[in-house]
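Let's have the full structure, built from the sequences with the hints guiding it.
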Amino acid sequence: MLRTLIYATALITLAGCGRDYLDIKPKGKVIPSSYKDYRLLLNNENNLTPSYGTDELASDNVEYYEQTGIDYLGTSGYKIHTWQDGAFMSTDNDAQWSNLYKQVYLANVVLDGMKTLTDAAEKDRNQLMGEALVHRSFAYLSLVNLYAVQYDAASAATDKGVPLLLTPSTDAKLNRASVKAVYDQLLADLRQATTLLGTASTSAYEPSLAAAYALQARAYLIRGEYQEALNAASKTLEIKNKLSDYNQFAANPRNTYPENRNNPETILMKTVSNTYGWFSLSKDLQTEFKDSIIDLRYKILFTTTTAPFVGRLYYYGEFLLFDARLVGPTVPEMYLIRAECQARLNHPAEAMQDLNTLRKMRILQAAYVPATAATADDALLQVLSERRRELCFKGARLFDLKRLNKEPRFAKTLTHTYNGQTYTLKPNDYHYVYPVVPKLIQMNPELEPNERK
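Under the numbering used here, the residue at position 164 of the sequence shown is numbered 164, and the numbers go up by one with no gaps.
Simulated from the structure, these hints should not be mistaken for lab results.
The C-beta atom is built at its ideal place from N, Cα and C for all residues, glycine as well.
A portion of the hints provided could be inaccurate.
[Claimed, not checked] Pair ranges (Cβ atoms, derived):
| no. | residue 1 | residue 2 | range |
| --- | --- | --- | --- |
| 1 | Ile294 | Asp378 | 18 to 24 Å |
| 2 | Met89 | Leu364 | 44 to 50 Å |
| 3 | Pro258 | Asp152 | 48 to 54 Å |
What follows is the structure, encoded as structure tokens:
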């Protein structure tokens with residue numbers, strides 16, 4: 001019986017193109033054997049770029065005001081959006097899970113192959129290993145935050161995480177490692193990657209040293225380890241710190257706004273794995289854009305005038321250049337991580353300096369005034385508000401809700417009301433955790449389902 005949580009890359013061509021075998025046993029595979037083969041595997045953006053993407057539906061960024069938007073979601077999307085059980089039928093697949101574990105598998109193929117590869121220089125072998133470790137770390141960081149409870153130092157060693165596969169096997173047992181074990185592994189991978197990678201990369205798809213540090217910063221922030229997150233964000237910004245000035249795009253964004261792959265802010269290209277793009281902004285998120293008249297993100301990335309969004313406020317970024325939404329780390333995220341950590345570590349002036357570095361690139365130049373904070377707590381509130389505006393629809397909000405719910409002052413109850421029925425998601429509710437699709441559990445009985453209580 002094929003035991004595979006990716007049902008994944010059973011056939012690997014030398015071009016690195018993988019196919020998902022969802023219901024059938026693999027018929028064979030081409031085994032990479034040379035440096036060129038492994039290089040081509042990691043160069044295949046079709047396999048290593050798509051990741052997760054339905055997370056926004058479960059957050060407080062999205063709310064629909066007409067039946068057209070609700071119908072667009074479909075049954076599964078609607079149940080995710082309203083935090084209901086039964087989002088997946090017995091025959092459904094989960095693209096997020098499959099794509100991320102495909103990346104794990106391909107990374108493991110490369111890491112295993114580097115043990116015996118002899119036809120390349122050590123520097124080149126190290127580069128491949130470093131890239132594979134970053135890809136695997138991104139996948140596990142995403143998986144453990146989608147399919148497991150929020151990291152809590154007091155319980156992480158016993159909380160159910162996700163299957164932790166470190167060899168290129170398609171028939172491994174899928175017992176769930178603890179949340180702590182998953183984080184320990186991905187952080188160890190990222191630390192090793194920083195010893196192997198160079199600062200330059202040939203494209204945004206290729207992990208660099210900055211990407212390894214950026215994912216460390218993201219992981220440490222989620223864990224609430226603020227000094228470590230600050231250090232990692234600072235190391236990232238030492239390598240890559242350029243921001244795009246939205247003042248240059250405001251007049252004609254269709255022809256001037258950069259694609260993710262060409263945007264200097266992109267640290268690593270990881271994009272959504274689905275076609276959900278018609279995100280209607282919740283009233284709650286609209287309130288965050290209190291300076292919408294001068295906030296150029298509001299002008300460029302949202303629309304009420306473009307078909308089919310006429311009369312409604314929708315996220316437009318994905319349609320602006322027909323560019324998939326980015327969920328990989330970016331330079332703005334690093335400034336925001338460092339600013340949040342500075343505020344939490346009682347350094348408000350430093351926090352506001354980073355915050356204003358970003359804001360200056362987002363606010364109408366003629367109206368820009370530097371923000372100030374009298375206290376560290378004031379700075380923290382401003383940073384969190386700015387973080388929500390900057391990173392909305394970029395794969396961060398659901399994870400932020402989960403981590404902030406651990407702090408009573410930031411805990412938040414979410415509600416949606418549709419067709420006369422109100423749906424509620426309370427802080428730390430198990431419905432923050434995505435279910436494992438029934439099909440996987442049926443094929444792999446050792447793969448325990450997530451609790452619903």
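> Which hint numbers doesn't this structure obey?
Replying inline: 3
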